[in-house]
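Novice: These are the residues of each chain, in order.
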Amino acid sequence: MAYATEPPTQGFRLSQLIYDTRYRGITIQVVTLVLVIAALSWLLGNLSANLAAKGKDIDFSFLWSRAGYDIGQTLIPYTNDDNHFRAAMVGLVNTLVVALLAAFLSTVLGVLIGVLRLSKNWLVSRLMGAYVELLRNIPLVLWIVLTYAILSEAAPEPKDFKVVDGVAKQEMFLGIAAVTNRYTTMPAPTLDRPLPEIAGVPTSGLAVILVLMASFWVLSLIRRRATRVQEATGVRPGTFWPGAAVLVLPVVTLLITMGFHLDYPEFKGFNFKGGLQLSHAFTAMVISLSLYYAAVTAEVVRGGIQAISRGQSEAAFALGLRPGRTMSLVILPQALRVIIPPQISNYLSLVKDTSLGIAASYLDLRGTLGGITSNQTGRELECMLLMMGIYLSISLILSGLLNFYNASVKLKER
Amino acid sequence: MIAFVRKEMLEASPPPASQHGWQGWMRENLFSSPLNIALTFVTWIALGAFTNMAVTWLLHGVWTADSYLECQEIILAYYGPEASGPCWAVIRERWHQFIFGFYPVEEWWRPVFCFGLMMLAFVAPLFSDDVRNARRVIVPVGVLTLVLMVLASAPVAACVIGAVIFVGALAISAKPLRLLPWTGVYPFVAVWLLWGGSLAGPVMALLGLVILGMVVRLLSGRLGVPLSAGLGIVAAFVWWTMLEPQIAASLPGDLAFLAQVGSENIGGFLLAFVIGVSAISMALPLGILLALGRRSDLFIVNKLSVGFIEFVRGVPLITLLFTASLLLQYFLPPQVQFETVLRVIILVTFFSAAYIAEVIRGGLAGLPKGQQEAADALGLDYWQAQRLIILPQALKISIPGIVNVFIGLFKDTTLVSFVGLMDPLRGVTAIVRADIDWKGAYWEPYLFVAAIFFVACFGMSRYALYLEARLKTDHR
Chain A
1 MAYATEPPTQ GFRLSQLIYD TRYRGITIQV VTLVLVIAAL SWLLGNLSAN LAAKGKDIDF
61 SFLWSRAGYD IGQTLIPYTN DDNHFRAAMV GLVNTLVVAL LAAFLSTVLG VLIGVLRLSK
121 NWLVSRLMGA YVELLRNIPL VLWIVLTYAI LSEAAPEPKD FKVVDGVAKQ EMFLGIAAVT
181 NRYTTMPAPT LDRPLPEIAG VPTSGLAVIL VLMASFWVLS LIRRRATRVQ EATGVRPGTF
241 WPGAAVLVLP VVTLLITMGF HLDYPEFKGF NFKGGLQLSH AFTAMVISLS LYYAAVTAEV
301 VRGGIQAISR GQSEAAFALG LRPGRTMSLV ILPQALRVII PPQISNYLSL VKDTSLGIAA
361 SYLDLRGTLG GITSNQTGRE LECMLLMMGI YLSISLILSG LLNFYNASVK LKER
Chain B
1 MIAFVRKEML EASPPPASQH GWQGWMRENL FSSPLNIALT FVTWIALGAF TNMAVTWLLH
61 GVWTADSYLE CQEIILAYYG PEASGPCWAV IRERWHQFIF GFYPVEEWWR PVFCFGLMML
121 AFVAPLFSDD VRNARRVIVP VGVLTLVLMV LASAPVAACV IGAVIFVGAL AISAKPLRLL
181 PWTGVYPFVA VWLLWGGSLA GPVMALLGLV ILGMVVRLLS GRLGVPLSAG LGIVAAFVWW
241 TMLEPQIAAS LPGDLAFLAQ VGSENIGGFL LAFVIGVSAI SMALPLGILL ALGRRSDLFI
301 VNKLSVGFIE FVRGVPLITL LFTASLLLQY FLPPQVQFET VLRVIILVTF FSAAYIAEVI
361 RGGLAGLPKG QQEAADALGL DYWQAQRLII LPQALKISIP GIVNVFIGLF KDTTLVSFVG
421 LMDPLRGVTA IVRADIDWKG AYWEPYLFVA AIFFVACFGM SRYALYLEAR LKTDHR
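As you go down the protein sequences, you meet chains A and B in turn. Counting from 1, one number per residue, gives the positions in the first sequence under the numbering used here. Counting from 1, one number per residue, gives the positions in the second sequence under the numbering used here.
Please keep in mind that the hints were generated in silico from the structure rather than gathered at the bench. Be aware that one or more of the hints could be misleading.
[Said to hold, decoys possible] Just some of the chain A residues that point at chain B, by a computed CB distance under 7 Å: (1) ARG22; (2) VAL34; (3) SER41; (4) LEU43; (5) ALA103; (6) THR107; (7) VAL111; (8) ILE138; (9) TYR391; (10) SER395.
Where is the CB? At the ideal position from N, CA and C, for every residue including glycine.
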């Protein structure tokens with residue numbers, strides 16, 4: 001941009017607002033702001049006029065009225081006598097559960113597939129390449145709809161599992177799990193002496209998570225101490241057994257004190273009793289999201305590993321590192337820096353794509369707040385605003401956390 | 001003492017059989033270590049089992065039948081009670097609904113023509129300096145379009161016009177950039193071809209844009225680009241809202257060369273393409289502005305752009321689609337009513353604009369700083385620098401990213417079924433499966449739709465990779 005080198009001799013003229021680079025920026029910004037405010041006030045004016053014409057107002061008190069509908073999968077206590085807010089929270093928990101499970105499974109599968117795609121084995125690498133291209137290039141909705149259709153139309157009926165004269169038409173998988181055309185049943189983790197609820201929220205699961213987090217923290221302390229000792233003496237103390245003990249013992253103790261056991265499903269009368277009964281909507285969501293995002297993750301992992309120059313692994317081999325340690329000490333830490341930023345946006349898309357549960361009628365946040373509640377109360381404006389706000393906050397919080405993590409592993413340039 | 005000295009060179013012996021040829025290849029690529037041998041066998045067995053199953057299933061396919069039950073009976077009669085096979089008869093009878101929705105049979109040539117002309121419109125921006133590839137697109141697309149139009153029994157006049165357009169394009173393709181005006185005119189032609197009705201509407205709308213362009217061209221020298229663009233928009237708006245209705249009313253009424261086709265008849269992959277292509281093409285200018293805004297030092301402009309981009313990228317597309325179908329009417333005056341398709345296109349445009357803005361921001365960031373500094377040194381102002389130096393380079397390296405955004409958007413068009421439109425996947429498939437004759441067919445429609453999506457998306461992503469590889473050489 002051109003800058004004036006000498007101060008203007010005359011006083012301020014109006015035309016300077018357009019032609020003088022010192023003022024032009026301010027002019028443009030003020031004009032933009034005025035235009036945006038005008039557009040917004042026009043939209044909001046229309047909104048209030050239209051609402052008035054329909055005899056509506058903006059009112060969020062419907063959240064505290066009785067919801068009156070049932071939700072198949074409730075991880076926090078809920079009955080149809082609870083209010084719409086509670087129903088929305090149940091939906092939010094369902095969204096988060098699917099997102100977490102799918103994120104975990106897709107990461108594990110995706111890393112495996114990404115590494116196998118670079119395998120020296122021609123057959124394996126081609127097969128993984130075909131998997132990635134097949135999954136990526138077909139819409140996720142199709143995978144959800146297809147998985148749902150297969151589960152609910154190709155699976156046997158529950159009564160086929162009935163044992164007549166010692167033989168059942170269908171055998172259960174290992175005798176503990178079964179896919180029927182109405183639900184999938186599997187052993188349920190059950191607690192005999194759960195921890196007391198606080199403010200209506202069950203705390204047992206939270207306690208397990210907290211203990212696990214504490215264990216991981218202790219584990220990192222042990223690792224760090226091992227590194228210190230190694231740097232001081234040259235001998236690394238073994239960390240495997242203490243680490244395993246720290247990870248396993250506290251959680252197992254907690255679970256035993258809470259009376260943890262598995263509740264197996266059994267066929268009684270006309271249906272399965274006991275155990276966990278997963279709706280096909282949930283299963284289809286988890287399976288298709290995991291498989292689809294595994295393909296997306298695999299591409300990112302492959303790109304990350306390929307971005308590391310061959311010289312790195314050659315240098316590691318020259319130093320006498322074994323292939324496994326070359327991978328874990330030299331290649332992966334560097335590849336991780338390339339992998340993390342695109343993987344962050346993959347996780348964000350995954351969370352947003354849980355809203356595709358609509359294709360399988362899964363009652364997540366969109367299904368409860370943006371679906372049944374919105375239809376029942378006729379408050380589509382409020383519901384949609386709330387829903388967008390919640391999704392937006394999840395996205396922003398998640399991207400904040402992941403970017404913080406990214407900054408901590410990023411190459412520090414000084 | 002030397003007893004023997006070889007006088008002539010020995011012939012180089014060939015490498016051992018295990019090092020070259022198919023044996024060497026297999027040893028290297030399939031059986032290089034115990035782990036690899038195990039992997040190869042496991043994969044081989046799994047692949048064999050799957051292929052066996054799939055091929056048997058596909059071989060049991062039935063192509064001619066009147067209902068799903070009849071299919072099952074034929075399979076039962078021919079292959080025995082244990083066999084199962086696909087009932088392709090459903091696709092054979094209903095394929096047109098997956099492609100065109102309920103578009104009238106006698107008008108099928110119009111979407112076909114429209115698609116061919118769209119490929120022609122892509123030539124100028126994609127192959128601006130690549131005559132060979134431009135011709136490689138124009139010739140087969142032209143031939144295919146004309147053949148398909150004849151097959152769809154298009155009127156002779158339309159075929160002649162099509163032939164003239166494609167031959168004309170080929171004639172001037174020595175400089176593909178000369179086709180650029182066609183890219184500008186195409187959207188209006190496409191709207192008229194698809195929806196039909198009076199020719200006056202699209203022409204009048206196009207004239208509004210021509211007015212905008214003329215005002216900018218005449219005044220930008222004196223007033224600068226932002227101000228003259230503002231004045232141009234005002235002038236175009238005056239034209240569209242005040243002058244156009246009067247002129248349109250005074251025109252002789254019968255300018256309708258094509259029968260009118262309602263939006264409710266447009267479905268299937270035609271709908272997916274209409275939404276995808278129109279949203280991307282409208283999102284491109286908006287995305288460029290947003291990307292420039294995000295890089296701008298002007299505080300308010302910057303924050304507005306960032307806010308818009310982050311908001312749109314932070315919410316799922318489905319909430320925006322619901323906004324289009326449920327809420328958009330609340331924000332507009334009661335006399336302004338849009339069809340659902342149009343509302344969806346508007347919201348999808350905003351959606352893709354945010355993603356395109358991020359792609360273009362990447363392209364802008366990829367340019368060396370020296371380019372901007374050189375433009376400043378030449379004394380170009382901001383808009384001249386962007387238009388002549390920065391954007392041509394940034395857009396060029398952004399094209400693969402934009403193609404990827406389009407692929408994502410094309411896949412996402414399947415979501416429009418949730419707001420009541422007939423997308424190829426759920427909309428049309430639900431209609432087909434609701435027919436009592438074809439109840440029970442679930443593999444066939446899904447496989448058919450999946451195959452088309454796969455071919456389209458895989459082709460486009462390969463093309464993006466090819467572009468990326470070709471564009472890279474210019475900068476290294």
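Novice: Minimum Cβ distance from VAL34 of chain A to chain B below 7 Å?
Specialist: violated (10 Å)
Novice: Less than 7 Å between beta-carbons is the criterion; does LEU43 of chain A satisfy it with respect to chain B?
Specialist: holds (5 Å)
Novice: Quick check on the hint: THR107 of chain A CB to chain B CB, less than 7 Å?
Specialist: Hint on THR107 of chain A: violated, closest Cβ of chain B at ~21 Å, above 7 Å.
Novice: Let me know if the C-beta of SER41 of chain A comes in closer than 7 Å to any C-beta of chain B, holds or violated.
Specialist: violated (12 Å)
Novice: Is the hint on SER395 of chain A kept, meaning its closest Cβ partner in chain B is under 7 Å away?
Specialist: holds (4 Å)
Novice: Using 7 Å as the Cβ threshold, decide whether ALA103 of chain A counts as touching chain B.
Specialist: violated (16 Å)
Novice: Tell me if ILE138 of chain A is really an interface residue toward chain B, meaning its C-beta lies closer than 7 Å to one of theirs.
Specialist: Because about 5 Å separates ILE138 of chain A from the closest Cβ in chain B, which is inside the 7 Å limit, the hint holds.
Novice: Against chain B, with CB atoms and a cut of 7 Å, does the hint on ARG22 of chain A hold up?
Specialist: Given a least distance of 13 Å, the restraint on ARG22 of chain A is violated.
Novice: With chain B as the partner, please determine if TYR391 of chain A meets the hint condition of a C-beta pair closer than 7 Å.
Specialist: Since chain B brings a Cβ to about 5 Å from TYR391 of chain A, closer than 7 Å, the hint holds.
Novice: Can we keep the VAL111 of chain A interface hint, with Cβ of chain B closer than 7 Å?
Specialist: Given a least distance of 17 Å, the restraint on VAL111 of chain A is violated.
Consistency with the previously given hints fails for numbers 1, 2, 3, 5, 6 and 7, ordered from lowest to highest.
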